[in-house]
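Student: Taking this note's numbering, I'd label the letters of the sequence shown as residues 1 to 546.
Hint data in this document are derived by calculation from the structure and do not stem from the laboratory.
Be aware that one or more of the hints could be misleading.
What the hints assert, rightly or not - List of simulated lysine-lysine pairs, DSSO-like, C-alpha gap at most 27 Å: (1) 416 to 475; (2) 475 to 196; (3) 469 to 196; (4) 196 to 407; (5) 47 to 154; (6) 47 to 546.
As the structure is a computational prediction, the values presented were derived from the model and not from experiment.
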Amino acid sequence: MTLTEESFQGAPPPPSEVAKADMDHTGEKEDALLQPVTRTGAVAPGKQAVGRLVMHSMAMFGREFCYAVEAAFVTPVLLSVGLPKNLYSLVWLISPVLGFVLQPVVGSASDHCTCSWGRRRPYILGLGIVMLLGMTLYLNGDEMISAFIGERDKRRTWAIVVTMLGVVLFDFAADFIDGPIKAYLFDVCSHEDKEKGLHYHALFTGLGGALGYLTGAMDWGQTALGYSLASEFQVIFFFAALVFLICLTIHLRSIPEVPLRYENEETKFLLEVTESYKYSSIEEENKNGCLKSTSTEIKAAPKPGKCAVTSRTEVQRRMTLKSLLNTLSSMPSHYRYLCVSHLLGWMAFLSNMLFFTDFMGQVVYKGSPYAPHNSTLYLTYKTGVEMGCWGLCINAISSSVYSYLQKILLPYIGLKGLYFIGYLLFGLGTGLIGLFPNVYSTLALCSFFGIMSSTLYTVPFHLIAEYHKEEESLKLQGGEQAGEHERGKGIDCAALTCMVQLAQIILGVGLGLLVSVAGSAVTVISASMVALVGCCFVAFCVRYVK
(Lines of atoms letter the chains of each structure in order from A and count residues from 1; the text may use other names and numbers.)
(Lines give C-alpha, C1' and ligand atoms only; values in the text may rest on other atoms or scores of the structure.)
Protein backbone atom coordinates (compact mmCIF):
# COMPACT_ATOMS: atom_id res chain seq x y z
CA MET A 1 0.00 0.00 0.00
CA THR A 2 1.08 3.60 -0.53
CA LEU A 3 1.78 5.64 2.59
CA THR A 4 0.58 9.22 2.62
CA GLU A 5 0.68 11.83 5.36
CA GLU A 6 -2.73 10.62 6.62
CA SER A 7 -1.39 7.05 6.92
CA PHE A 8 1.13 7.87 9.63
CA GLN A 9 -1.28 7.57 12.58
CA GLY A 10 1.31 6.02 14.85
CA ALA A 11 4.25 8.04 13.56
CA PRO A 12 6.55 9.98 15.88
CA PRO A 13 5.80 13.64 16.61
CA PRO A 14 6.90 16.36 14.18
CA PRO A 15 10.59 17.34 14.05
CA SER A 16 10.04 20.42 16.20
CA GLU A 17 8.53 18.27 18.99
CA VAL A 18 11.35 15.74 18.69
CA ALA A 19 13.86 18.55 19.04
CA LYS A 20 12.00 19.94 22.04
CA ALA A 21 11.91 16.56 23.77
CA ASP A 22 15.61 16.05 23.25
CA MET A 23 16.44 19.51 24.56
CA ASP A 24 14.83 18.72 27.91
CA HIS A 25 17.75 16.44 28.78
CA THR A 26 20.59 18.93 28.26
CA GLY A 27 21.66 22.33 29.54
CA GLU A 28 20.36 25.59 28.09
CA LYS A 29 23.62 26.59 26.43
CA GLU A 30 24.11 23.20 24.82
CA ASP A 31 20.43 23.16 23.81
CA ALA A 32 20.77 26.31 21.75
CA LEU A 33 23.74 24.92 19.87
CA LEU A 34 22.75 21.28 19.45
CA GLN A 35 19.12 21.44 18.32
CA PRO A 36 18.90 18.38 16.06
CA VAL A 37 18.22 18.49 12.34
CA THR A 38 15.84 15.99 10.76
CA ARG A 39 15.45 14.98 7.13
CA THR A 40 12.21 16.95 6.93
CA GLY A 41 13.41 20.26 8.28
CA ALA A 42 16.53 22.19 9.25
CA VAL A 43 17.52 24.53 12.04
CA ALA A 44 19.20 27.71 10.84
CA PRO A 45 22.70 28.05 12.34
CA GLY A 46 23.13 30.89 14.78
CA LYS A 47 25.81 33.57 14.75
CA GLN A 48 29.18 32.31 15.96
CA ALA A 49 31.63 34.24 18.09
CA VAL A 50 34.95 35.23 16.57
CA GLY A 51 36.77 33.09 19.13
CA ARG A 52 34.94 29.97 17.99
CA LEU A 53 35.73 30.72 14.33
CA VAL A 54 39.40 31.12 15.26
CA MET A 55 39.30 27.82 17.14
CA HIS A 56 37.70 26.18 14.11
CA SER A 57 40.52 27.52 11.91
CA MET A 58 43.23 25.93 14.05
CA ALA A 59 42.85 22.66 12.12
CA MET A 60 44.09 24.46 9.01
CA PHE A 61 47.04 25.85 10.98
CA GLY A 62 48.11 22.38 12.13
CA ARG A 63 47.47 20.77 8.75
CA GLU A 64 49.51 23.37 6.88
CA PHE A 65 52.32 23.20 9.45
CA CYS A 66 52.64 19.48 8.71
CA TYR A 67 52.31 20.12 4.97
CA ALA A 68 55.20 22.59 5.15
CA VAL A 69 57.35 20.03 6.96
CA GLU A 70 56.57 17.50 4.23
CA ALA A 71 57.30 19.95 1.41
CA ALA A 72 60.67 20.83 2.94
CA PHE A 73 61.81 17.33 3.92
CA VAL A 74 60.06 14.66 1.89
CA THR A 75 62.51 14.82 -1.02
CA PRO A 76 65.62 14.72 1.21
CA VAL A 77 64.05 11.87 3.22
CA LEU A 78 63.24 9.81 0.12
CA LEU A 79 66.71 10.41 -1.31
CA SER A 80 68.40 9.58 1.99
CA VAL A 81 66.76 6.13 2.19
CA GLY A 82 67.84 5.38 -1.39
CA LEU A 83 64.54 5.54 -3.29
CA PRO A 84 65.14 4.76 -7.00
CA LYS A 85 64.24 7.51 -9.48
CA ASN A 86 61.70 5.35 -11.30
CA LEU A 87 59.64 5.00 -8.09
CA TYR A 88 59.58 8.71 -7.28
CA SER A 89 56.51 9.44 -9.42
CA LEU A 90 54.73 6.43 -7.90
CA VAL A 91 54.90 8.04 -4.46
CA TRP A 92 52.95 11.06 -5.72
CA LEU A 93 50.42 8.98 -7.67
CA ILE A 94 49.10 6.47 -5.14
CA SER A 95 47.53 8.83 -2.60
CA PRO A 96 45.80 11.14 -5.12
CA VAL A 97 44.34 8.14 -6.97
CA LEU A 98 42.91 6.81 -3.70
CA GLY A 99 41.66 10.25 -2.72
CA PHE A 100 40.05 10.93 -6.09
CA VAL A 101 38.12 7.64 -5.90
CA LEU A 102 37.15 7.75 -2.22
CA GLN A 103 36.66 11.47 -1.56
CA PRO A 104 33.10 11.68 -2.96
CA VAL A 105 32.18 8.47 -1.13
CA VAL A 106 33.26 9.89 2.23
CA GLY A 107 31.61 13.24 1.44
CA SER A 108 28.35 11.46 0.70
CA ALA A 109 28.67 9.26 3.80
CA SER A 110 29.26 12.27 6.05
CA ASP A 111 26.09 13.89 4.71
CA HIS A 112 24.13 10.90 6.08
CA CYS A 113 26.16 10.34 9.29
CA THR A 114 23.88 10.18 12.34
CA CYS A 115 26.61 10.11 15.00
CA SER A 116 25.59 12.06 18.11
CA TRP A 117 28.96 13.83 17.98
CA GLY A 118 28.11 15.29 14.55
CA ARG A 119 28.36 14.46 10.87
CA ARG A 120 31.85 15.77 10.07
CA ARG A 121 33.94 15.56 13.24
CA PRO A 122 34.21 11.73 13.34
CA TYR A 123 35.74 11.81 9.86
CA ILE A 124 38.05 14.72 10.76
CA LEU A 125 39.31 12.83 13.82
CA GLY A 126 39.91 9.63 11.84
CA LEU A 127 41.80 11.43 9.07
CA GLY A 128 43.85 13.35 11.64
CA ILE A 129 44.99 10.06 13.19
CA VAL A 130 45.98 8.78 9.73
CA MET A 131 47.97 11.99 9.15
CA LEU A 132 49.91 11.44 12.37
CA LEU A 133 50.57 7.80 11.46
CA GLY A 134 51.86 8.74 8.01
CA MET A 135 54.10 11.49 9.38
CA THR A 136 55.47 9.07 11.97
CA LEU A 137 56.41 6.55 9.30
CA TYR A 138 58.06 8.83 6.75
CA LEU A 139 60.05 10.92 9.26
CA ASN A 140 61.09 8.01 11.50
CA GLY A 141 60.89 5.01 9.17
CA ASP A 142 64.64 4.68 8.67
CA GLU A 143 65.36 4.66 12.43
CA MET A 144 62.46 2.28 13.11
CA ILE A 145 63.69 -0.25 10.55
CA SER A 146 67.31 0.09 11.70
CA ALA A 147 66.24 -0.90 15.22
CA PHE A 148 64.78 -4.22 14.01
CA ILE A 149 66.79 -5.20 10.91
CA GLY A 150 70.57 -5.44 10.84
CA GLU A 151 71.25 -6.64 7.30
CA ARG A 152 72.10 -3.63 5.14
CA ASP A 153 70.31 -4.47 1.87
CA LYS A 154 67.20 -5.76 3.61
CA ARG A 155 67.16 -2.72 5.89
CA ARG A 156 67.38 -0.37 2.89
CA THR A 157 64.48 -2.11 1.13
CA TRP A 158 62.20 -2.00 4.15
CA ALA A 159 63.17 1.61 4.90
CA ILE A 160 62.06 2.58 1.38
CA VAL A 161 58.77 0.66 1.77
CA VAL A 162 57.94 2.18 5.18
CA THR A 163 58.90 5.71 4.09
CA MET A 164 56.82 5.47 0.91
CA LEU A 165 53.87 4.14 2.92
CA GLY A 166 54.17 7.05 5.32
CA VAL A 167 54.22 9.63 2.51
CA VAL A 168 51.19 8.01 0.84
CA LEU A 169 49.18 7.88 4.09
CA PHE A 170 50.05 11.44 5.03
CA ASP A 171 49.23 12.90 1.61
CA PHE A 172 46.00 10.92 1.42
CA ALA A 173 44.73 12.10 4.81
CA ALA A 174 46.01 15.68 4.55
CA ASP A 175 44.30 16.21 1.19
CA PHE A 176 41.18 14.34 2.30
CA ILE A 177 40.63 16.25 5.55
CA ASP A 178 40.02 19.60 3.85
CA GLY A 179 36.57 18.60 2.54
CA PRO A 180 35.06 17.60 5.92
CA ILE A 181 36.55 20.71 7.55
CA LYS A 182 34.90 23.00 4.98
CA ALA A 183 31.59 21.10 5.19
CA TYR A 184 31.74 21.35 9.01
CA LEU A 185 32.15 25.14 8.70
CA PHE A 186 29.20 25.40 6.30
CA ASP A 187 26.98 23.27 8.56
CA VAL A 188 27.44 25.25 11.77
CA CYS A 189 27.70 28.84 10.48
CA SER A 190 25.37 31.41 9.00
CA HIS A 191 26.25 32.78 5.56
CA GLU A 192 28.07 35.80 7.01
CA ASP A 193 30.06 33.58 9.36
CA LYS A 194 30.97 31.27 6.48
CA GLU A 195 32.71 34.19 4.77
CA LYS A 196 34.56 35.10 7.98
CA GLY A 197 35.45 31.47 8.62
CA LEU A 198 36.93 30.99 5.15
CA HIS A 199 39.11 34.08 5.61
CA TYR A 200 40.27 32.83 9.01
CA HIS A 201 41.03 29.46 7.41
CA ALA A 202 43.24 31.14 4.81
CA LEU A 203 44.90 33.32 7.45
CA PHE A 204 45.82 30.40 9.69
CA THR A 205 46.80 28.26 6.71
CA GLY A 206 49.43 30.85 5.83
CA LEU A 207 50.62 31.23 9.41
CA GLY A 208 50.90 27.47 9.86
CA GLY A 209 52.86 27.12 6.64
CA ALA A 210 55.20 29.97 7.58
CA LEU A 211 55.95 28.46 10.99
CA GLY A 212 56.41 25.02 9.42
CA TYR A 213 58.91 26.29 6.85
CA LEU A 214 60.78 28.27 9.53
CA THR A 215 60.98 25.12 11.64
CA GLY A 216 62.41 23.24 8.67
CA ALA A 217 64.90 25.99 7.85
CA MET A 218 66.52 25.90 11.33
CA ASP A 219 69.56 23.78 12.09
CA TRP A 220 68.34 21.56 14.95
CA GLY A 221 71.45 19.41 15.00
CA GLN A 222 73.26 21.82 17.32
CA THR A 223 70.44 22.12 19.86
CA ALA A 224 69.68 20.11 22.99
CA LEU A 225 66.86 18.29 21.21
CA GLY A 226 69.18 17.51 18.32
CA TYR A 227 71.69 15.87 20.68
CA SER A 228 69.03 13.93 22.62
CA LEU A 229 67.16 12.54 19.59
CA ALA A 230 68.57 10.28 16.89
CA SER A 231 68.27 12.68 13.95
CA GLU A 232 67.09 16.09 12.86
CA PHE A 233 64.04 14.45 11.28
CA GLN A 234 62.90 13.23 14.71
CA VAL A 235 63.15 16.76 16.10
CA ILE A 236 60.97 18.01 13.26
CA PHE A 237 58.51 15.17 13.89
CA PHE A 238 58.29 16.08 17.58
CA PHE A 239 57.31 19.68 16.82
CA ALA A 240 54.97 18.79 13.94
CA ALA A 241 53.10 16.10 15.90
CA LEU A 242 52.77 18.34 18.98
CA VAL A 243 51.44 21.30 16.97
CA PHE A 244 49.00 19.16 15.00
CA LEU A 245 47.60 17.39 18.08
CA ILE A 246 46.99 20.68 19.87
CA CYS A 247 45.38 22.28 16.81
CA LEU A 248 43.20 19.25 16.06
CA THR A 249 41.95 19.12 19.66
CA ILE A 250 41.05 22.82 19.64
CA HIS A 251 39.28 22.43 16.29
CA LEU A 252 37.18 19.47 17.40
CA ARG A 253 36.04 21.40 20.49
CA SER A 254 35.40 24.68 18.65
CA ILE A 255 31.71 24.61 17.64
CA PRO A 256 29.22 21.91 18.74
CA GLU A 257 27.99 20.25 15.57
CA VAL A 258 24.29 19.80 14.83
CA PRO A 259 23.56 16.06 14.70
CA LEU A 260 21.47 14.59 11.91
CA ARG A 261 18.52 12.58 13.17
CA TYR A 262 15.87 10.58 11.37
CA GLU A 263 12.36 10.13 12.68
CA ASN A 264 12.80 6.35 12.75
CA GLU A 265 14.94 3.66 11.16
CA GLU A 266 12.37 2.81 8.47
CA THR A 267 12.06 6.44 7.42
CA LYS A 268 15.84 6.73 7.33
CA PHE A 269 16.13 3.83 4.92
CA LEU A 270 13.31 4.95 2.65
CA LEU A 271 14.56 8.54 2.50
CA GLU A 272 18.12 7.45 1.72
CA VAL A 273 16.82 5.41 -1.21
CA THR A 274 14.34 7.92 -2.60
CA GLU A 275 15.84 11.31 -1.78
CA SER A 276 19.57 10.88 -2.33
CA TYR A 277 20.47 14.32 -3.74
CA LYS A 278 17.42 14.39 -6.02
CA TYR A 279 17.79 16.44 -9.15
CA SER A 280 15.88 13.77 -11.09
CA SER A 281 13.57 10.99 -9.94
CA ILE A 282 15.07 7.67 -8.93
CA GLU A 283 12.93 4.55 -9.11
CA GLU A 284 13.97 1.18 -7.80
CA GLU A 285 11.97 -2.02 -7.51
CA ASN A 286 13.43 -5.17 -6.04
CA LYS A 287 13.02 -8.54 -7.68
CA ASN A 288 10.39 -9.82 -5.26
CA GLY A 289 8.25 -6.71 -5.45
CA CYS A 290 8.69 -6.00 -1.76
CA LEU A 291 9.63 -2.36 -2.17
CA LYS A 292 9.03 0.27 -4.82
CA SER A 293 10.03 3.88 -4.25
CA THR A 294 9.82 7.01 -6.37
CA SER A 295 10.41 10.69 -5.81
CA THR A 296 6.68 11.31 -5.33
CA GLU A 297 5.51 8.41 -3.16
CA ILE A 298 6.80 6.08 -0.47
CA LYS A 299 5.71 2.48 -0.40
CA ALA A 300 5.27 0.61 2.87
CA ALA A 301 8.09 -1.65 3.95
CA PRO A 302 7.15 -5.32 4.32
CA LYS A 303 6.33 -6.79 7.67
CA PRO A 304 9.18 -8.40 9.61
CA GLY A 305 9.70 -12.02 8.74
CA LYS A 306 8.82 -11.79 5.05
CA CYS A 307 11.42 -10.09 2.88
CA ALA A 308 12.36 -6.93 4.78
CA VAL A 309 15.99 -7.85 5.37
CA THR A 310 16.55 -9.10 1.83
CA SER A 311 14.90 -6.01 0.34
CA ARG A 312 16.90 -3.63 2.50
CA THR A 313 20.33 -5.09 1.86
CA GLU A 314 19.68 -5.62 -1.85
CA VAL A 315 18.48 -2.06 -2.45
CA GLN A 316 21.25 -0.58 -0.34
CA ARG A 317 23.89 -2.49 -2.29
CA ARG A 318 22.51 -1.38 -5.63
CA MET A 319 21.79 2.21 -4.61
CA THR A 320 25.06 3.18 -2.88
CA LEU A 321 27.15 3.55 -6.02
CA LYS A 322 24.25 4.51 -8.29
CA SER A 323 23.08 7.38 -6.11
CA LEU A 324 26.65 8.67 -5.88
CA LEU A 325 27.09 8.59 -9.65
CA ASN A 326 23.71 10.26 -10.13
CA THR A 327 24.77 12.97 -7.70
CA LEU A 328 28.00 13.78 -9.52
CA SER A 329 26.51 13.57 -13.00
CA SER A 330 23.49 15.72 -12.06
CA MET A 331 25.51 18.59 -10.61
CA PRO A 332 24.54 21.88 -12.25
CA SER A 333 26.93 23.12 -14.92
CA HIS A 334 28.23 26.02 -12.83
CA TYR A 335 29.44 23.54 -10.19
CA ARG A 336 31.32 21.61 -12.87
CA TYR A 337 32.91 24.77 -14.30
CA LEU A 338 34.03 25.72 -10.81
CA CYS A 339 35.63 22.29 -10.42
CA VAL A 340 37.50 22.73 -13.73
CA SER A 341 38.86 26.13 -12.68
CA HIS A 342 39.92 24.65 -9.34
CA LEU A 343 41.69 21.84 -11.17
CA LEU A 344 43.63 24.28 -13.35
CA GLY A 345 44.61 26.36 -10.33
CA TRP A 346 45.92 23.40 -8.36
CA MET A 347 47.77 22.00 -11.38
CA ALA A 348 49.61 25.30 -11.73
CA PHE A 349 50.24 25.70 -8.00
CA LEU A 350 51.43 22.15 -7.33
CA SER A 351 53.66 21.91 -10.39
CA ASN A 352 55.56 24.85 -8.97
CA MET A 353 55.50 23.97 -5.27
CA LEU A 354 56.48 20.29 -5.51
CA PHE A 355 59.73 21.10 -7.31
CA PHE A 356 60.47 24.62 -6.07
CA THR A 357 63.25 23.77 -3.61
CA ASP A 358 64.82 21.51 -6.24
CA PHE A 359 64.51 24.37 -8.77
CA MET A 360 66.34 26.69 -6.39
CA GLY A 361 69.11 24.14 -5.82
CA GLN A 362 69.66 23.10 -9.44
CA VAL A 363 68.68 26.09 -11.59
CA VAL A 364 69.22 29.15 -9.40
CA TYR A 365 72.25 27.91 -7.41
CA LYS A 366 73.63 25.57 -10.14
CA GLY A 367 74.10 22.65 -7.72
CA SER A 368 73.47 18.93 -8.16
CA PRO A 369 71.63 16.50 -5.84
CA TYR A 370 73.41 13.54 -7.45
CA ALA A 371 76.96 14.71 -6.72
CA PRO A 372 78.95 13.15 -3.84
CA HIS A 373 77.73 14.46 -0.48
CA ASN A 374 81.09 16.02 0.37
CA SER A 375 81.43 17.80 -2.99
CA THR A 376 80.97 21.50 -3.68
CA LEU A 377 78.14 20.83 -6.12
CA TYR A 378 76.09 18.97 -3.53
CA LEU A 379 76.72 21.56 -0.79
CA THR A 380 75.69 24.28 -3.23
CA TYR A 381 72.51 22.35 -4.01
CA LYS A 382 71.79 21.99 -0.28
CA THR A 383 72.21 25.76 0.16
CA GLY A 384 69.75 26.33 -2.65
CA VAL A 385 67.23 23.98 -1.02
CA GLU A 386 67.52 25.89 2.27
CA MET A 387 67.01 29.17 0.41
CA GLY A 388 63.98 27.59 -1.27
CA CYS A 389 62.53 26.94 2.20
CA TRP A 390 62.85 30.66 2.92
CA GLY A 391 61.04 31.37 -0.35
CA LEU A 392 58.22 29.05 0.68
CA CYS A 393 58.11 30.81 4.03
CA ILE A 394 57.63 34.12 2.19
CA ASN A 395 54.84 32.42 0.24
CA ALA A 396 53.10 31.37 3.46
CA ILE A 397 53.40 34.82 5.07
CA SER A 398 52.05 36.56 1.97
CA SER A 399 49.15 34.08 1.94
CA SER A 400 48.19 35.15 5.47
CA VAL A 401 48.51 38.85 4.65
CA TYR A 402 46.50 38.52 1.45
CA SER A 403 43.76 36.55 3.20
CA TYR A 404 43.23 39.62 5.37
CA LEU A 405 43.38 41.98 2.37
CA GLN A 406 40.72 39.88 0.64
CA LYS A 407 38.11 41.12 3.11
CA ILE A 408 39.00 44.70 2.18
CA LEU A 409 39.09 44.08 -1.58
CA LEU A 410 35.93 41.93 -1.78
CA PRO A 411 33.37 44.79 -1.66
CA TYR A 412 35.21 46.61 -4.47
CA ILE A 413 36.20 43.89 -6.96
CA GLY A 414 33.98 40.98 -5.90
CA LEU A 415 34.75 37.28 -6.03
CA LYS A 416 35.42 37.40 -9.76
CA GLY A 417 38.10 40.04 -9.29
CA LEU A 418 39.74 38.11 -6.46
CA TYR A 419 39.71 34.89 -8.49
CA PHE A 420 41.12 36.59 -11.61
CA ILE A 421 43.87 38.49 -9.77
CA GLY A 422 45.06 35.38 -7.93
CA TYR A 423 45.56 33.38 -11.12
CA LEU A 424 47.00 36.33 -13.09
CA LEU A 425 49.65 37.35 -10.55
CA PHE A 426 50.72 33.75 -10.03
CA GLY A 427 51.03 33.17 -13.79
CA LEU A 428 53.10 36.32 -14.30
CA GLY A 429 55.27 35.69 -11.23
CA THR A 430 56.20 32.09 -12.09
CA GLY A 431 56.84 33.09 -15.70
CA LEU A 432 59.33 35.76 -14.62
CA ILE A 433 61.04 33.31 -12.26
CA GLY A 434 61.49 30.81 -15.09
CA LEU A 435 62.82 33.42 -17.50
CA PHE A 436 65.10 35.22 -15.01
CA PRO A 437 66.26 32.72 -12.32
CA ASN A 438 67.92 35.16 -9.94
CA VAL A 439 68.05 34.59 -6.17
CA TYR A 440 66.68 37.94 -5.02
CA SER A 441 64.02 38.37 -7.71
CA THR A 442 62.86 34.79 -7.12
CA LEU A 443 62.47 35.37 -3.39
CA ALA A 444 60.55 38.59 -4.03
CA LEU A 445 58.21 36.90 -6.52
CA CYS A 446 57.49 34.11 -4.02
CA SER A 447 54.96 36.49 -2.49
CA PHE A 448 52.77 35.87 -5.57
CA PHE A 449 52.66 32.18 -4.62
CA GLY A 450 50.91 33.18 -1.40
CA ILE A 451 48.28 35.17 -3.30
CA MET A 452 47.47 32.07 -5.33
CA SER A 453 47.41 29.88 -2.22
CA SER A 454 45.00 32.18 -0.41
CA THR A 455 42.80 32.37 -3.51
CA LEU A 456 42.55 28.58 -3.88
CA TYR A 457 41.69 28.09 -0.22
CA THR A 458 38.93 30.72 -0.07
CA VAL A 459 37.29 31.85 -3.33
CA PRO A 460 36.06 28.47 -4.71
CA PHE A 461 34.53 27.49 -1.35
CA HIS A 462 33.07 30.97 -1.04
CA LEU A 463 31.37 30.39 -4.39
CA ILE A 464 30.02 27.02 -3.16
CA ALA A 465 28.47 28.84 -0.19
CA GLU A 466 26.97 31.44 -2.56
CA TYR A 467 25.49 28.72 -4.78
CA HIS A 468 23.88 26.98 -1.80
CA LYS A 469 22.50 30.27 -0.48
CA GLU A 470 20.97 31.01 -3.87
CA GLU A 471 19.41 27.54 -4.12
CA GLU A 472 17.92 27.82 -0.63
CA SER A 473 16.46 31.25 -1.45
CA LEU A 474 14.86 29.93 -4.63
CA LYS A 475 13.32 27.00 -2.74
CA LEU A 476 11.90 29.31 -0.09
CA GLN A 477 10.39 31.53 -2.77
CA GLY A 478 8.79 28.43 -4.30
CA GLY A 479 7.23 27.46 -0.98
CA GLU A 480 9.56 24.50 -0.41
CA GLN A 481 11.45 23.93 2.85
CA ALA A 482 15.08 24.95 2.55
CA GLY A 483 16.35 21.73 4.06
CA GLU A 484 14.17 19.43 1.96
CA HIS A 485 15.70 17.35 -0.86
CA GLU A 486 18.83 19.53 -0.99
CA ARG A 487 22.12 18.00 -2.00
CA GLY A 488 24.51 17.79 0.93
CA LYS A 489 27.29 20.34 1.32
CA GLY A 490 29.69 17.49 2.05
CA ILE A 491 29.43 16.06 -1.46
CA ASP A 492 29.99 19.49 -3.05
CA CYS A 493 33.06 20.21 -0.92
CA ALA A 494 34.33 16.70 -1.66
CA ALA A 495 33.86 17.18 -5.42
CA LEU A 496 35.84 20.43 -5.23
CA THR A 497 38.69 18.99 -3.16
CA CYS A 498 38.81 15.98 -5.50
CA MET A 499 40.35 18.36 -8.02
CA VAL A 500 43.47 18.57 -5.83
CA GLN A 501 43.93 14.80 -6.15
CA LEU A 502 43.20 14.88 -9.88
CA ALA A 503 45.81 17.62 -10.31
CA GLN A 504 48.36 15.47 -8.47
CA ILE A 505 47.52 12.49 -10.68
CA ILE A 506 48.01 14.49 -13.87
CA LEU A 507 51.24 16.02 -12.62
CA GLY A 508 52.55 12.69 -11.34
CA VAL A 509 52.04 11.11 -14.75
CA GLY A 510 53.33 13.93 -16.96
CA LEU A 511 55.49 16.37 -15.01
CA GLY A 512 58.02 13.82 -13.75
CA LEU A 513 58.81 12.85 -17.34
CA LEU A 514 59.18 16.49 -18.37
CA VAL A 515 61.54 17.19 -15.45
CA SER A 516 63.72 14.17 -16.31
CA VAL A 517 63.97 15.39 -19.92
CA ALA A 518 64.13 19.19 -19.61
CA GLY A 519 65.15 19.80 -15.98
CA SER A 520 63.49 21.64 -13.10
CA ALA A 521 63.12 24.87 -15.07
CA VAL A 522 60.19 23.37 -16.96
CA THR A 523 58.11 23.25 -13.75
CA VAL A 524 57.79 27.02 -13.30
CA ILE A 525 57.22 27.62 -17.02
CA SER A 526 54.44 25.02 -17.16
CA ALA A 527 52.95 26.45 -13.95
CA SER A 528 52.84 29.90 -15.54
CA MET A 529 51.15 28.64 -18.71
CA VAL A 530 48.49 26.65 -16.85
CA ALA A 531 47.76 29.57 -14.50
CA LEU A 532 47.25 31.97 -17.41
CA VAL A 533 44.88 29.49 -19.08
CA GLY A 534 43.03 29.21 -15.76
CA CYS A 535 42.91 33.01 -15.60
CA CYS A 536 40.91 33.09 -18.85
CA PHE A 537 38.66 30.25 -17.65
CA VAL A 538 37.92 32.06 -14.40
CA ALA A 539 37.03 35.24 -16.27
CA PHE A 540 34.71 33.76 -18.89
CA CYS A 541 33.36 30.39 -17.70
CA VAL A 542 32.86 30.47 -13.92
CA ARG A 543 29.46 31.72 -12.77
CA TYR A 544 29.28 34.36 -10.04
CA VAL A 545 26.17 35.06 -7.95
CA LYS A 546 25.08 38.67 -8.13
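Student: Next step is simple, just say for each hint if it's right about the structure.
Tutor: Cross-check of the supplied hints:
Between the alpha carbons of residue 416 and residue 475 the distance comes to roughly 25 Å, so the proposed pair stays at or under 27 Å and holds. Under the criterion of a C-alpha separation no larger than 27 Å, the hint pairing residue 475 with residue 196 is consistent with the structure, at around 25 Å. For the suggested pair residue 469 and residue 196, the alpha carbons sit about 15 Å apart, so the restraint of at most 27 Å is met. For the given pair, residue 196 sits about 9 Å from residue 407 by alpha-carbon distance, which is consistent with the 27 Å threshold.
About 58 Å separates the Cα atoms of residue 47 and residue 154, which puts this hinted pair outside 27 Å; it is violated. Between residue 47 and residue 546 the alpha-carbon distance is near 23 Å, which keeps this suggested pair within the 27 Å criterion.
Violated hints amount to a single one, hint 5; each of the other numbered hints is respected by the structure.
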